[in-house]
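Trainee: Residue numbers (my numbering), protein chains in the order written: chain A, 6 to 448; chain B, 19 to 195.
One or more hints might be untrue.
[Claimed, not checked] Partial selection, computed: residues in chain B whose CB lies under 10 Å from chain A:
1) Arg79
2) Asn100
3) Leu102
4) Gln132
5) Arg148
6) Ile186
[Unchecked claim] Straight-line C-alpha distance at most 25 Å; calculated SDA-like pairs for lysine to any residue:
7) A/Lys222 <-> B/Ile83
8) B/Lys54 <-> A/Asp319
9) A/Lys359 <-> B/Gln80
10) B/Lys96 <-> A/Thr98
11) B/Lys96 <-> B/Asp42
12) A/Lys222 <-> B/Thr109
13) A/Lys245 <-> B/Thr109
14) A/Lys222 <-> B/Asp42
15) B/Lys96 <-> A/Ala241
16) A/Lys62 <-> B/Phe72
17) A/Lys245 <-> B/Thr107
18) A/Lys189 <-> B/Gly82
19) A/Lys222 <-> B/Val97
20) B/Lys96 <-> A/Val221
21) A/Lys70 <-> B/Ile83
22) A/Lys62 <-> B/Glu71
23) B/Lys96 <-> A/Met320
24) A/Lys222 <-> B/Asn112
25) A/Lys70 <-> A/Arg85
26) A/Lys70 <-> B/Gly82
27) B/Lys96 <-> A/Lys189
28) A/Lys62 <-> B/Arg78
29) B/Lys54 <-> A/Asp229
30) B/Lys162 <-> A/Val221
FYI, nobody ran anything at the bench for these hints, they're computed from the structure. Quick reminder that beta carbons are idealized off the backbone N, C-alpha and C, glycines included.
Residues per chain are reported as follows:
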Amino acid sequence: MRIEQGWQPSEIESLVDVENATASRLIFTDENLFRLELQRIFTRTWLYIGHESEIPKNGDYVTRKMGNDPVILVRDDKGRVRVLLNSCTHRGTLVCRTDSGHGRGFTCPYHGWVYSTSGALVATAEDNTYGGKVDFRSLDLRQARVGSYAGLVFATWNHDAPSLDEHLGDARWYLDIMFNRTPKGMTVLGLPHRWSPTNNWKLGPLNFGADGPHAVKVHGPIVDAALAGGMPGARAMITKALVDSPSVAAGPYNGIWTQGPVEMPPWFGYDPDLVALYRQTLKPEQVQILERCLASVGTVFPNFSWVYGPIGFDMQREPVTNFFAIRVWQPIAVNRTEIWNWFLVEEEAGEALKQQAMLAGVRTFTAGGTFDQDDAEAWHGIQRGSEGEISRTLDVNFQVALNYRDRPIADWAGPGVAYPSNYCEVTEFNNLLQWRDYMSGAR
Amino acid sequence: MSTQTAPRVVEDALYRRLCDFYYDEADLLSQRQYGKWFTLLTEDVHYRVGFPEFYEHGTRRQVGIGNPYFDDNHISLKVRTNLLGNPTTTTAENPPSIYNYFVTNIRTRWAADQTDEIDVDSRLLIYRVRASEPVPFILGARRKDRLRIAGDGFRIARRDAMIDQSIIQSPNMSFLL
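Construct all of the structure, not just a fragment, from the sequences and the given hints.
Mentor: Set out below in structure tokens:
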């Protein structure tokens, strides 16, 4: 393969030590590796773009990113979802400079070229001036290949990649539990929150792959106060739950399903009408994973994650409600990320529950949320503690995996592989194994 | 003939007391005195902080029911202020950041619907330096408040704030506005 910017495939392979479950800190600090990621990962695999409920009507659009490329996510005038490169084919300027909107097409602000919602070039400044010498069909907006699963719209520039369904594979069984558990599926509660951690983008996907012990240290206080309504002894209970609950690896997905104790009633705080829909939509094995779930946290490689769990700030006076945040960790620079974060709830939820779900989400997982704000500090510290001449020669350590990776759960009911602890580090590290495959050219 | 009386003007002395209230509040937030700040709120307080969205003229559409950055009541603010106000329950603010809250453009008028309440608009500039980040974070915001007279002083019954950044240029917002 081409040798780019000094990194040989064997050198890249050695950055992630599969045998020892460690990785070089260079993967978080090296500028050349960051540029290679944009090329080898972000132009070649399926990336999450947005949710179907953000563009419900023909002509609705939002602007998004694929790696460092600006794109428009639009539902065209025939109802087909498109992902268009947001760059005029004339001289390259952004065709759409807004966060969202609705229209019959896009007009470039520079020379007034007009594109339809399907990305076709409708008119240049003055078509006659080309004297018939140019094939206008070659000047349609560049389009990504689009796939949609469970309301989640993904896109890729790689026309040789497997279909989205094939690519997700076993992950779909787990995506169904979160995104496909009622007939109408999920709906977004608003446009995304966006904020800027000063660390490499991969720290988020790794943490959500998922990191059990940090939940006790970093989130201990808010867990005490409010997880599952702030029941007494919450921290001890949650620690035990995390240590004993399953982590799952399935296709590009890795995550945890933290189970509450058997004393905790199933569907604690849920709307019974929605529970009835879950039972009729999901398989019994999927229902069993969800009914006592204290936390579902997961990552679909490379940079799409979700987090879900019950929260209640005063069990006497307010209902316990599940927060459900999905996010993309956008690669901005080797040491800078933008988190783009949405809140979801079932489309069938009543108005009161939609409101409660929004409150649960914004109070926990966003820039000022009671969980997110503290993670930011730990991650910023990782960047500062890994950039130096000496510090970047050290490794990041996932060696709890040595104790768990050969001990999968034997009778796990779902596809993929499950391990018996949210502390196992196997599923976090799996994200780096995928990284290694893409970056070394193995995939 | 209209029976509507002329709107009550906030007289100078009252305006001065309101400004003092806002400067005192700015001091409390700058010093991260969240316990004391919490006592400035009414029990039925509604606290909300939204963010701007960019639309081309005439194309705005509502997506979902809307999700601001903060939407809190007395109960959730008690939890937030407890966590932020205690060094053992915050990672983001231990060590505590340096904050300087500048409150300006204070405009006041008696509420049209309640005789003991006052509408106050103000602008905020929050200047923050974290222990782990010497480059200051500067955030502009605007507030629309409803104050309720309480004895000799005032309480905040409603705050509707809007921050002026579309992509927040900081890893977190571990503070209140």
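Trainee: Next, verify each hint and record whether it holds.
Mentor: Do the hints match the structure? See the list:
no., hint, in the structure
1, Arg79, "5 Å, holds"
2, Asn100, "7 Å, holds"
3, Leu102, "9 Å, holds"
4, Gln132, "25 Å, violated"
5, Arg148, "8 Å, holds"
6, Ile186, "4 Å, holds"
7, A/Lys222 <-> B/Ile83, "34 Å, violated"
8, B/Lys54 <-> A/Asp319, "21 Å, holds"
9, A/Lys359 <-> B/Gln80, "15 Å, holds"
10, B/Lys96 <-> A/Thr98, "48 Å, violated"
11, B/Lys96 <-> B/Asp42, "20 Å, holds"
12, A/Lys222 <-> B/Thr109, "9 Å, holds"
13, A/Lys245 <-> B/Thr109, "22 Å, holds"
14, A/Lys222 <-> B/Asp42, "35 Å, violated"
15, B/Lys96 <-> A/Ala241, "23 Å, holds"
16, A/Lys62 <-> B/Phe72, "19 Å, holds"
17, A/Lys245 <-> B/Thr107, "21 Å, holds"
18, A/Lys189 <-> B/Gly82, "15 Å, holds"
19, A/Lys222 <-> B/Val97, "18 Å, holds"
20, B/Lys96 <-> A/Val221, "21 Å, holds"
21, A/Lys70 <-> B/Ile83, "24 Å, holds"
22, A/Lys62 <-> B/Glu71, "19 Å, holds"
23, B/Lys96 <-> A/Met320, "14 Å, holds"
24, A/Lys222 <-> B/Asn112, "14 Å, holds"
25, A/Lys70 <-> A/Arg85, "19 Å, holds"
26, A/Lys70 <-> B/Gly82, "21 Å, holds"
27, B/Lys96 <-> A/Lys189, "36 Å, violated"
28, A/Lys62 <-> B/Arg78, "13 Å, holds"
29, B/Lys54 <-> A/Asp229, "23 Å, holds"
30, B/Lys162 <-> A/Val221, "38 Å, violated"
When held up to the earlier numbered hints, the structure conflicts with 4, 7, 10, 14, 27 and 30 and fits the remainder.
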